[in-house]
Amino acid sequence: MLLAIWLAFALFPIYWTVATAFKTPIDIYQGPKYVPFIDFHPTVMSWERLFGPQNFSFFKDFANSLLFGSMSALLAVLLGAFAAYGLAQYRYKFGFYKNDDIAYLLVSQRFMPPIVAVLAIYITYQKLSLLDSRLGMILAYTAFDLPLAIFLLRNFFEQIPVELEQAAAIDGYGKVERLLRVVFPLAAPGLAAAYMICFVFSWNDFLFALILTFDNATTLPIMITNLNTQMQPMWWLLSAVGIVVMVPPVIVAVFLDRYMQRQVLRGGVR
Amino acid sequence: MASLQLTGVKKRYESVLALADVSFDLADGQFMALLGPSGAGKTTTLKSIAGVETPDGGEIRIGGRLVNDIPAEGRNTALVFENYALYPNMTVYGNMVFPLKAPARAEKFRAESATQRVFEVARTLGIASLLERRTWELSGGQRQRVALGRALVREPDVFLMDEPISHLDAKLRFEMRAELKRLQRDIGVTTLYATPDYAEAMALADVIVVLREGRVIQVGTPTAVFNRPIDTYVAHLLGEPHINLLEMEIQSRSGRLAAVGQGVEFAIHPSQAELLRQRVTKLITVGVRPSEVLVSPTEPDGGGDSGTVIAVEPRGATTVLVVRAGGQQVVAKVGGEQRLRPDSIVWIGVKPESLYFFERESGARVEVPHGEIDAAGASR
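So the protein sequences, as listed, match chains A and B.
The first sequence begins at 52 in the working numbering and counts up one residue at a time.
The second sequence begins at 876 in the working numbering and counts up one residue at a time.
No wet-lab data here; the hints were simulated from the structure.
Honestly, I wouldn't trust all of these hints.
Beyond 12 Å from chain B on every Cβ pair, some chain A residues (computed) [said to hold, decoys possible]: (1) Pro76; (2) Phe88; (3) Leu101; (4) Leu130; (5) Ile166; (6) Ile174; (7) Ala219; (8) Val234; (9) Leu237; (10) Asp266; (11) Asn277; (12) Met311.
Below, simulated DSS-like cross-link-like pairs (lysine-lysine); rule was C-alpha separation at most 27 Å, straight line [stated by the list, open to error]: (13) B/Lys1056 / B/Lys1046; (14) A/Lys149 / B/Lys885; (15) A/Lys144 / A/Lys226; (16) B/Lys1226 / B/Lys1157; (17) B/Lys885 / A/Lys226; (18) B/Lys1046 / B/Lys1208; (19) A/Lys226 / A/Lys178; (20) B/Lys1208 / B/Lys1226; (21) A/Lys226 / B/Lys983; (22) A/Lys144 / B/Lys885; (23) A/Lys226 / A/Lys149; (24) A/Lys226 / B/Lys976.
Backbone N, C-alpha and C fix where the C-beta goes; we use that ideal spot for every residue, glycine too.
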């Protein structure tokens, strides 16, 4: 029962967005109308506008969002995996700093409000001509995703029995091959989860894109805001874009879910 | 195949000294058991030889070649881990072919012969039908065979096994013990086998190395180590039930020597008497194996010490008795079914020639001068 109430709260905004995307402007402004064909006549007006000839940058921004999300998540997971592996399997000591302190230091970067970092990044990017560039955005998101990826993956690597990597060494494999052929496959659920979280972060991000981009490298959240503020609020079109924006993270989640569900460590050690 | 030499190998983990000084020689094709309780340094020794642990000092030579600075992947050893360490992301076949696809061996085992080799080994081990299975679909015994197979396919210079059968049930353990012995004889590979179980070590090995707290304390053939233990530790480690160690004193009884303590008296064999007579201290620890303790329900002709049975453990063909005689507690293993019950009165005695004598303080066996280690079986 509670679940049903919660579900209603959670799903209603999504339903409302879907319904609005098929309404005409008049139906939208005439007060609440809920049920298609009874309350209002569905139209595909907003969808024609979205995918037809347009005066806004939907396709470019969609491609940008997809590129930034997938590339920065890939980089963060790849670099994060090596860092997390190191923190899990070796004992470091830099003065007072041991493994746990290093890990904490890394994660603590996420405690800081991103707005603090963004201003510094803005000035740095200005000097490096990385403002409004795709490379710059990928790097910014990677840098911001990395601490979380390391934190998440470290736990996964710690769960992998050290004997498995030792066995691979005795079987004749060098360090990098051991990681790629034995250790990383066994951390697949962690890698998938980290990729998912990193992807969603950059996909949803508004702040970085707002400050660091203005034309070439803008993303979907920026486009949606522009639609709202530059013209009259076109709710029908906004809703259609909103639905499209929901789709890629769902696809990523469904695809990666297979890896997250797998019990990869079963049957390895007694 | 190759010989193996360890010289003064040391290893310290943060606060724990794992290996204090491990030295031994293992000849080409020999089967050596590393015997010791958990924490004695068996696993660290094996991992140091395999190259996945780096010793702090000492030398390790495989086939005469110093391997201290050669990484694990360049040593061509095989290690069967105590927990098997199968790769859960691969099938049984994937696990077994993995060492053959390694860069170091890719030349030697081209794709086709690698497959052939895996089938060959799988057949020997009786797991040919499991090759397509995933590791989690296997029973403990099957996993153990796969781990063994993965080690065997590569034709290693040295074959290392870390308690490979200690987690199997008793029946399977017995079968695998016989099978390991046969395999090792057939292949003739130099083998180092770590185990806490003395019976396993005696059944399998040509030579036993006894480890204690990271130190080699005795090396010898199974019978030599069993019959001539260097000290109370080794005597206690080999044999089940454990040897009786009784604190006694050497006394002269009408011209003959006897060991006396807390109401128990054992006659001493003339051949040992001379050595014991010369000793300054008369305090001594007397060892007698439970199987050498004689128990009779009536007083024997030669006399003896009476005691009370406090526990009876029937074991089928034999019975283990715990007898309290005077202030001493003596465990005896006697043949057949016994009609004795707790509180029965019995007389115990020993054959004088079956007694062991140890220094009370150091635990060293009296007959063996310090520093001399029985290496009779170390080279055949």
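Which hints from the list above does the structure break, by number from lowest to highest?
The structure breaks hints 7, 8, 9, 19; every other hint is satisfied.
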